[in-house]
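Given chain A's structure and the hints, the job is docking chains B and C with the ligands onto it.
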Amino acid sequence: MVRSYVLLAWTWTRAATAYPVSFALMTVFGLVVAGMDLAVILIIFANTTSLGGFGREEVLFLYGTASLAFTLADLLFSNLDRVSQHIRAGSLDTVLIRPVSAWIQLATDRFFPARIGRVLQAAAVLWYAVAALELERLWMVPLMVVCGLVIFAALWTFAGALQFVLTDAPEVVNAFTYGSGAYVQHPLSIYGKELVRATTFVLPLAFVNWLPGLYVLGRRDPLGLPSWAGLLAPAAALILLALSGLAWRQGIRHYRSTGS
Amino acid sequence: MPTCGHGLLSFPHAPEVTAIYLYPTLILYGFRKHATYVWAALAGAFTNSVFGILRAYVLIALWQARPHLGGYDVVDAVTFCFVTQAMIGPMQLFGGGLGIPERIRSGDIALDLVRPASLQAWTLAEDLGRAAYLLVVRGLPPTLLGALLFGLTHPDGPDRWALFGLSFLLGVVVSFAWRYLVALSVCWLIDERGVATVSMILMTFFSGLALPLTIFPGWLGELARSLPFAAMVQVPIDVYLGKGDGLAFQVLWAAVLLALGAAGTRLVRHKVVIQGG
Amino acid sequence: MIELQGAGRSFKVKRQVVHAVQDLTFRVEPGEFVGYLGPNGAGKSTTIKMLCGILTPTSGRVRVAGLDPSRKRTTLARRIGVVFGQRTTLWWDLPLKDSFELIRLLYKVDRKLFASRLEEMVETLDLAEFLARPVRQLSLGQRMRGDLAAALLHGPDLLVLDEPTIGLDVVSKAGIRDFLQRTNAERGTTVLLTTHDLGDIERLCRRVMVIDHGRLGFDGTLEDLMAGQSSLEEVVTRLYTGSLQ
Ligand SMILES: Nc1ncnc2c1ncn2[C@@H]1O[C@H](COP(=O)(O)OP(=O)(O)O)[C@@H](O)[C@H]1O
Ligand SMILES: [Mg+2]
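Residue numbers (this note's numbering), protein chains in the order written: chain A, 210 to 469; chain B, 76 to 352; chain C, 3 to 247.
So that you can see chain A by itself, here it is in the shape it has in the complex (with noise of 0.2 angstroms):
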């Protein structure tokens, strides 16, 4: 598994570096498009002392968990949201007729290094959070990092999964995977109640960095979980990840090809 997709992304990573001026733009762009988004949170924090009960420094730990995780996830499983593109051009055919698991191939297809620049800049934006809040629970923050990667792949395989069914819309996927991404770049205080309640027991996203980061933190679930639960967040992402497992094959096995 891990071999075809080093192969295949390694021979997609020779593709793009082929132009290396063009690639470190591109990797620098995606370093500045992400820093929108701390931007946003800055701006706020000119405004303000606090978000949903945390300072910035701790709203900081909260985005850079949730943001390495889902860039890492974008990097290397967001290609997966290209199904329906696939099947309409037919190239699902080929992919099916290869000794290596859908899946892996088409996580890997045009594999695009450049989006390592995300990726670097919210390895920083944590890095500066974790010196900022000399944390006890440090051990877990690679953990949690992880974790979310685990989740956030698993709604990849979901988003394509769905594609299978919803091959004329495959931009719905989006809202869901993009909107996890930004939802859990805030403390999930802010949010309705029972939105964090879904989000907790049906989709797991608290799981990716709120429990898991109030644990950290060493701070009180506003909805009264115990302290323990962020510990939780290995089993919520394996459960999901089987369970989006389950949906992908669901999805292969009921392929129609295209009539010629």
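Hints were generated in silico from the structure; no laboratory data involved.
Each hint should be verified, as a subset may be incorrect.
Unchecked claim - The calculated lysine-lysine pairs, modelled on DSBU-like cross-linking and capped at a C-alpha distance of 35 angstroms, are:
{"#": "1", "chain 1": "B", "residue 1": "K318", "chain 2": "A", "residue 2": "K402"}
{"#": "2", "chain 1": "B", "residue 1": "K108", "chain 2": "B", "residue 2": "K346"}
{"#": "3", "chain 1": "C", "residue 1": "K16", "chain 2": "C", "residue 2": "K74"}
{"#": "4", "chain 1": "C", "residue 1": "K74", "chain 2": "C", "residue 2": "K114"}
{"#": "5", "chain 1": "C", "residue 1": "K99", "chain 2": "C", "residue 2": "K110"}
{"#": "6", "chain 1": "C", "residue 1": "K14", "chain 2": "C", "residue 2": "K74"}
{"#": "7", "chain 1": "C", "residue 1": "K99", "chain 2": "C", "residue 2": "K114"}
{"#": "8", "chain 1": "B", "residue 1": "K108", "chain 2": "C", "residue 2": "K16"}
{"#": "9", "chain 1": "B", "residue 1": "K108", "chain 2": "C", "residue 2": "K14"}
Unchecked claim - Now the stretches of chain A that chain C is said to cover, found in silico as 3 or more residues with beta-carbon under 8 angstroms:
{"#": "10", "region": "211 to 225"}
{"#": "11", "region": "307 to 320"}
As the list claims (entries may be wrong) - One-sided excerpt, in silico: chain B residues whose CB lies under 10 angstroms from chain A:
{"#": "12", "residue": "Y132"}
{"#": "13", "residue": "L144"}
{"#": "14", "residue": "M275"}
{"#": "15", "residue": "F291"}
We put the beta carbon where it would ideally sit given N, CA and C, even for glycine.
Frame of chain A; chains B and C with the ligands shown alone:
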């Protein structure tokens, strides 16, 4: 993607006919062309609605901390959020939508340039049709949803509505004039993605879509409020909320950008005709 | 090598059910060279897609090389080679030789074995002059030769071709026919071929199957199909327009 002007070569060319009917026809044409992408537009409306909800919560949290920030109350702020989401489609705030870069690369632009009508006016007419279509399909759903979930305000009285309509139209024109310049720049660039990205940042961040420009601090706020991007979102929404009448500002930027675009068209024609593309 | 038992595939189109293939039963033994004929929309491509595991059959049973294609698709992929005449299986933006290299890595072909196979392919299919060019710049004939090589580089036991000669000129067609015949004769690769070109059938296929409206109408040797008549074209025209028994 839609391309500009395709299929229009067969338009009757008798000058007295074109003078009166050409541009309305083009507007209608732009409207219909986008009507074929109805699913994409509805999906866009859905995405804009979802982001509208997320943003609304952020603004509510901010306005709870600072109740009269930027001259808005919390209902104004939520209205700001949904109406600006509704503007993404009509104002094409993520850029593009003109089809000119594709035609420059394929060389078809030469055909567009020899038509009796100006390329700029022609493209503007089509873009107005596009904006009208997206206003309905991508603009209304987020606004209605916002009104339903959070309760929004609206312009008080027909005068304000009319003023908003005018300001909105001017916003589309400024947005077009800017995107037209960006599109023409392809003529001089090898890889236009860089310019497209910079344009996208300017149009989303400095228009007021990301956050109201009135809460940008210090010099950044003053800069943002004087750039043409403010004419695309911030000014129309302030007219909507009854917080200001920046129509003169919009007219000014529309004139400047359209004039630059006209000059750019001449340069492109020169380049295509004299240097052969 | 191939075994179908009552295999069928239907599609729901606007609330109506279209039976693309119904109740198909046949066997293909190792080493055979089979032509698969039928008018447009008869169900040829659908059958082939079921054989490679692209489409899951809605009824019946399909076995290829002893495997259920839709469940063991990636395992089966190592044992079969597939060519679609209508579209390439190569990577559009990569030079042909990079596509081949990627195939070596994906199919985990031994480096030495691969080199010798590639050398042979380059010679017999005359690939040398465009090996370094990206696939999107190749002519149809060149691309098809590239696709054929790509389908055989991992040494499959079965080669499935869906209209490989479509749109090719006379010379390219002849080259491809020669190559297919040699592959079948010298390596013993089983070949299943759909085509609208009766020349392909006459030159290559010992056995012919004809399908219409998703059902198998004829399965036998070329001689049986001709049944003493002189022109294959006449026979086939009659089969396509009249009713299949
Ligand atoms: N993905 C699909 N969706 C709907 N109908 C299809 C699909 N694929 C094939 N068909 C229908 O099934 C029939 C057989 O198609 P096909 O196998 O492509 O025929 P052939 O390859 O013999 O020309 C046709 O009527 C075609 O319209
Ligand atoms: Mg076919």
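Here is what the structure says about each hint:
Distance restraint check for B/K318 and A/K402: the Cα-Cα separation of roughly 32 angstroms lies within the 35 angstroms cut-off, and the hinted pair is therefore satisfied. Only pairs whose Cα atoms come within 35 angstroms are accepted, and B/K108 paired with B/K346 is accepted, the gap being roughly 30 angstroms. The straight-line distance between the Cα atoms of C/K16 and C/K74 is roughly 31 angstroms, inside the 35 angstroms bound, and the hint therefore holds. Between C/K74 and C/K114, the direct Cα distance comes to roughly 28 angstroms. Compliance with the 35 angstroms bound is thereby established for this hinted pair.
At roughly 16 angstroms between alpha-carbon atoms, C/K99 and C/K110 fall within 35 angstroms of each other, so this suggested pair holds. The hinted pair formed by C/K14 and C/K74 meets the criterion: a straight-line CA distance of about 25 angstroms does not exceed 35 angstroms. For the suggested pair C/K99 and C/K114, the alpha carbons sit about 16 angstroms apart, so the restraint of at most 35 angstroms is met. For the hint linking B/K108 to C/K16, the alpha-carbon distance of about 25 angstroms falls within 35 angstroms, and the restraint holds.
Between B/K108 and C/K14 the alpha-carbon distance is near 30 angstroms, which keeps this suggested pair within the 35 angstroms criterion. Requiring three or more residues with a Cβ within less than 8 angstroms of a Cβ of chain C, the coverage given for the region 211 to 225 of chain A holds, as 5 such residues are present. Three residues within the 8 angstroms Cβ limit are the bar, and the region 307 to 320 of chain A against chain C gives 4, so the coverage statement holds. The criterion of a C-beta within 10 angstroms of any C-beta in chain A is met by B/Y132, whose closest approach is roughly 5 angstroms, and the hint holds.
Because the beta carbon of B/L144 sits about 6 angstroms from the nearest beta carbon in chain A, less than 10 angstroms, this interface hint is met. With a least beta-carbon distance of about 7 angstroms to chain A, the hint placing B/M275 at the interface is held under the 10 angstroms criterion. Taking 10 angstroms as the C-beta cut-off, the interface hint given for B/F291 holds, the closest approach to chain A being about 6 angstroms.
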